[in-house]
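Based on the provided sequences and hints, a complete structural model is requested.
There are 2 protein chains.
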Amino acid sequence: MPNIDDVLGDIDLNFENTVAKLLELIAIPSISSEPSGEADIARAADWLKHELDAIDLPAEIVATKGHPVVLARSMATSNAEHPRLLFYGHYDVQPVGDPAQWTHAPFEPRVIEEDGVHRFYGRGSSDSKSQLWTFIEALRAWRAVHGEFPAHVTVLLEGEEECGSPSLPDFIESRRSDLECDVAFICDAEMWSPSQPAITTQLKGLVHERVTIFAPNPDLHSGHYGAVAANPIRILSTILAGLHDEKGKVTIEGFYEGIDDIPQSVREQWAELAKERSLIGDVDLTGGVAEEGYSSLEAMWGRPTVDINGITGGNQGPGERSVLPGSATSRLSFRLVAGQKPETIRQRFRSHVEARLPQGCKVEFEGSGGSSAVVLSQDSRFLKASSRGLEGEWGTPAVLRGTGGAIPLVEQFSRNLRAECVVIGFILPGDAIHAPDERYDTKRLRKGVRSWVRIFEQIRRTQGADCGG
Amino acid sequence: MPNIDDVLGDIDLNFENTVAKLLELIAIPSISSEPSGEADIARAADWLKHELDAIDLPAEIVATKGHPVVLARSMATSNAEHPRLLFYGHYDVQPVGDPAQWTHAPFEPRVIEEDGVHRFYGRGSSDSKSQLWTFIEALRAWRAVHGEFPAHVTVLLEGEEECGSPSLPDFIESRRSDLECDVAFICDAEMWSPSQPAITTQLKGLVHERVTIFAPNPDLHSGHYGAVAANPIRILSTILAGLHDEKGKVTIEGFYEGIDDIPQSVREQWAELAKERSLIGDVDLTGGVAEEGYSSLEAMWGRPTVDINGITGGNQGPGERSVLPGSATSRLSFRLVAGQKPETIRQRFRSHVEARLPQGCKVEFEGSGGSSAVVLSQDSRFLKASSRGLEGEWGTPAVLRGTGGAIPLVEQFSRNLRAECVVIGFILPGDAIHAPDERYDTKRLRKGVRSWVRIFEQIRRTQGADCGG
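In the order they appear, the protein sequences are chains A and B. Heads up, the first sequence is in the numbering used here, so the first residue is 0 and it goes up one at a time. Heads up, the second sequence is in the numbering used here, so the first residue is 0 and it goes up one at a time.
You may find that some hints are simply not true.
Since copy identity is lost for identical chains, a pair holds within one copy or between any two.
Lysine to any residue pairs mimicking SDA-like chemistry, simulated, CA-CA at most 25 Å apart [what the hints assert, rightly or not]:
no. : residue 1 : residue 2
1   : Lys274    : Pro1
2   : Lys361    : Asp436
3   : Lys64     : Ser166
4   : Lys246    : Val352
Since the hints were derived computationally from the structure, they do not count as laboratory data.
Structure (structure tokens):
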């Protein structure tokens with residue numbers, strides 16, 4: 000029987016091809032939240048189906064109300080007692096933003112050596128095309144060497160993660176029996192540091208919301224009416240400026256209702272983590288206002304927030320225009336912790352704005368859905384096997400961490416399918432996800448693939464023990 | 000000798016052609032503040048030179064550092080004692096803004112009957128192509144009937160009014176002797192109501208300024224860093240929200256320094272005006288915050304203001320993007336009254352922002368120049384002749400009014416050339432200047448042209464009186 004080194008050897012042998020394939024995928028601009036991305040989303044789904052079919056994971060492209068899900072399932076393995084593993088990744092990417100801010104073209108990835116690191120740039124290179132590629136490549140290699148997969152395998156690749164997974168609940172409901180599993184591995188998360196792996200056990204929920212303030216008049220000449228007529232930018236600025244008090248607390252009534260403070264044991268665990276490394280990589284926190292009474296890490300992982308993601312109003316052109324605009328818009332997102340319901344937070348925000356709207360002005364809100372926060376058990380055998388597998392590859396224990404990020408699927412799976420979830424990933428703060436010049440590197444890609452192989456091996460051993468083998 | 004009715008008759012006879020020509024001019028997108036407007040600015044200048052040449056006002060296109068000035072001067076008249084009249088208008092227009100907000104295409108004007116009014120829509124239709132067309136057409140008709148102009152005539156058509164007239168001071172300095180005149184008629188102002196003409200005797204100054212706040216980091220993932228890192232939109236919003244106190248006063252230190260309060264006599268004069276009609280036409284002031292202690296009219300005409308004309312930051316795309324942006328920008332304009340210097344106000348604003356900038360953040364400002372406020376004498380014989388001429392056409396006395404608008408040339412002329420200025424115009428609040436669906440109508444165009452003829456006649460009579468004729 001082949002051993003793990005044979006599989007790791009196969010990965011190294013095929014690595015050039017692994018990278019080349021991944022760059023093909025990154026080159027597809029599969030932006031899920033812009034209508035122009037639709038054809039490329041379909042192209043990315045086709046590409047993935049082709050790759051999964053080729054490694055004996057027959058895939059189907061499942062249409063949804065939004066973008067399709069790529070769903071692949073293995074044939075039966077030699078051992079019916081094998082556990083059922085589900086792997087989740089998403090193939091859609093964030094919009095590019097202002098292309099002028101990118102040094103590297105967002106959809107023309109190639110490997111560049113920079114200070115000894117073999118890096119590639121591109122939207123989706125770290126979030127999350129490299130991530131899903133780690134487990135697909137690990138499954139390929141395992142099967143190539145062993146002749147079968149390490150378990151019953153389901154692969155679920157979503158095309159709407161970056162726009163809040165609106166079709167996911169219906170998809171899960173309609174394919175419930177196909178998705179049943181002993182553990183869902185969610186590969187869309189961060190490492191702890193470039194040298195230390197992590198398993199994420201606490202995720203925030205997410206609500207997106209747009210708010211547009213309308214003055215009683217359409218655009219006016221600001222010289223004539225600026226002194227007396229309502230200015231929606233001024234009104235919107237005042238509302239946004241008032242969302243936090245001087246202690247960094249959110250002023251929306253009832254915003255913190257129903258949540259428990261971070262338990263002392265967790266605070267202590269996180270304080271230990273915060274000692275070990277700079278939590279935030281190269282990010283400069285000067286000028287930021289964390290909620291008073293909480294460390295940076297506690298604020299990021301354990302406290303709910305409201306963030307202003309965009310604002311637009313009045314003159315956007317290259318020249319000056321003395322205009323008092325008719326409207327102004329802001330996009331916001333709320334990051335929720337356990338105890339907060341997305342719809343309640345949305346309604347409380349809307350009431351907050353309405354209560355501050357000057358007479359005669361109107362407000363329009365846009366936004367729906369959202370996800371709740373999740374706190375996962377640290378006790379499961381799959382989490383423990385994963386932890387051992389990661390430690391085997393990286394030579395240092397995996398940190399059990401929180402995140403400010405949200406993965407709507409984790410909530411769906413743990414709540415609706417009651418499946419155990421293990422959230423693992425290989426990205427880092429310096430990868431510029433959601434930002435210009437998003438990047439990844441080949442070293443982490445290789446070690447990411449190898450990590451999964453070691454996790455499979457640990458699960459096999461556990462399984463072997465269960466069977467008395 | 001022909002009398003005034005002959006000239007008015009000629010205007011009516013030629014009116015169809017007058018309108019057709021004007022629509023040709025409005026169809027040229029001569030946007031001065033956007034680089035893409037350059038070719039059309041040149042086209043509009045050529046068009047005007049051609050028209051002026053054709054009515055025996057030989058014109059030259061004078062290059063400047065920015066957009067050209069069209070300058071035309073009449074040959075000597077039969078009477079060397081005739082006064083020297085200068086007419087000012089501007090042929091450049093504001094940017095269109097969001098084209099989706101226009102019901103009518105901004106550069107495809109045609110006359111439409113709406114509730115008995117013959118209206119035409121287009122950027123520049125009221126500000127200020129119809130305006131300059133009133134005096135050109137009046138000069139044409141007078142000369143056609145009389146065989147010569149009513150006076151020594153200079154026509155100055157500027158191409159940079161909508162971007163703050165940056166080249167005007169140099170132009171005036173270099174052509175000082177060509178511009179000498181007894182009176183400069185500035186035709187870029189409002190009537191008092193659809194039935195009552197006005198002469199504007201008090202104008203505000205104007206300063207444009209852009210401010211960009213930079214966080215210490217480029218774009219970040221807002222889920223990961225929103226709780227702790229600086230958000231430039233939040234910082235900018237807070238600064239903008241704090242520019243006014245709860246009484247509507249500008250909080251910039253020294254903003255009101257050096258200005259006198261509105262004299263009691265002027266307040267009484269304006270209070271009388273405010274009684275006569277709704278000052279602000281169809282504009283709804285609900286939700287606006289005028290400076291406490293001042294009527295709407297006093298705030299608009301007699302008090303300095305700061306207006307937010309635009310704001311941009313973070314996600315501008317159609318989809319959601321969980322981004323903590325690296326920067327956010329706002330465009331502002333300051334409307335000054337007598338006693339305020341543009342450069343001082345600019346510097347005070349910059350100091351105000353810098354004092355409120357969180358540690359680690361940076362700010363960049365963009366903006367230069369600007370104009371001071373002007374208060375014109377109400378005593379001149381040309382103003383009185385104009386007043387009689389306007390009353391003759393409209394059947395009701397001309398109101399002596401102020402404005403929140405700025406015409407940089409008035410300051411330049413009254414200060415540098417020490418020329419008397421008379422500011423007359425035929426636009427109305429409902430014309431949507433600087434806004435979508437800017438409009439004008441043929442009735443006002445015809446009465447505007449006729450008004451000038453009556454003003455010429457009044458000046459001729461004065462002149463006649465001076466000469467004992």
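Earlier hints that do not hold, by number: Those not satisfied come down to hint 1.
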